[in-house]
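Asker: So the sequence shown is numbered by the numbering used here: it starts at 858 and just counts up by one.
Just so you know, not all the hints are guaranteed correct.
[To be verified] Lysine-lysine pairs mimicking DSBU-like chemistry, simulated, CA-CA at most 30 Å apart:
no.	residue 1	residue 2
1	953	939
2	1058	953
3	1058	903
4	1047	903
5	1058	1048
Treat the hints as calculated values from the structure; they're not laboratory data.
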Amino acid sequence: MIVDEVLFYTARLEELHHFYRSTLGMTVSAVDPVKQAFTVQAGETKLIFKQWNAEVSQGGYDTEPFYHFALMIPQNRFKEAKQWAASRVTLSSDGKRDEAYSINWDSHSLYFEDPAGNIVELIAHHPLNNEQEHTFSVADILRVCEIGLVSEDVSATVNELQEAGLSRWGEGSDTFSPVGDRNGLFIVVKKERVWFFSEQKAQIFPLEAAIREVGRFQL
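Sequences are here, hints too, so could you generate the full structure?
Answerer: Spelled out as structure tokens, the structure:
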């Protein structure tokens, strides 16, 4: 599953624009004054942030929108990527460590939050053949490879994604279920579940995603 484009809403458009352009050094478009949005080029994925406003937020939301997403990095460059990230942001911790290794996925991850509270993950999937031999830089971010999708009913949401042509990946539960493959995943979680390496409880906010050879989702 390849994520060609994902759109998130934010109440902190200018702060995020500065963060992704200046703090992380990513390729970022100017803010479009008509669309009230800007695009971050995250490898082969267009990561779009759009202004959250009254028209969008009529659903009775209590908080500003925030999301979880992951950026894939070369499988052999996690240590360098961690040094790169730590020089720019404060890494999130679970109280004991600021990185995680998944035995089931054979992957290393680190987490940090952007100014809007989005939970950003850098992940290296070691079984993938995407290694790089040069020093890690922001240009080595390969794509958005995880999109957190919050639901009142995880099983029903997973079924809808499967009907659209996607496959469940690995083991899941009624509170957490990945859908897709190593290259791209919807991480379907139950509302109020605490995000990994965070104190934030998952909340439902609208998002859009374009999945290669599958189609566009408005979720």
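Asker: Evaluate each hint against the coordinates.
Answerer: Taking the hints in turn, this is what the structure says about them:
| no. | hint | result |
| --- | --- | --- |
| 1 | 953 <-> 939 | holds (16 Å) |
| 2 | 1058 <-> 953 | holds (20 Å) |
| 3 | 1058 <-> 903 | holds (26 Å) |
| 4 | 1047 <-> 903 | holds (26 Å) |
| 5 | 1058 <-> 1048 | holds (7 Å) |
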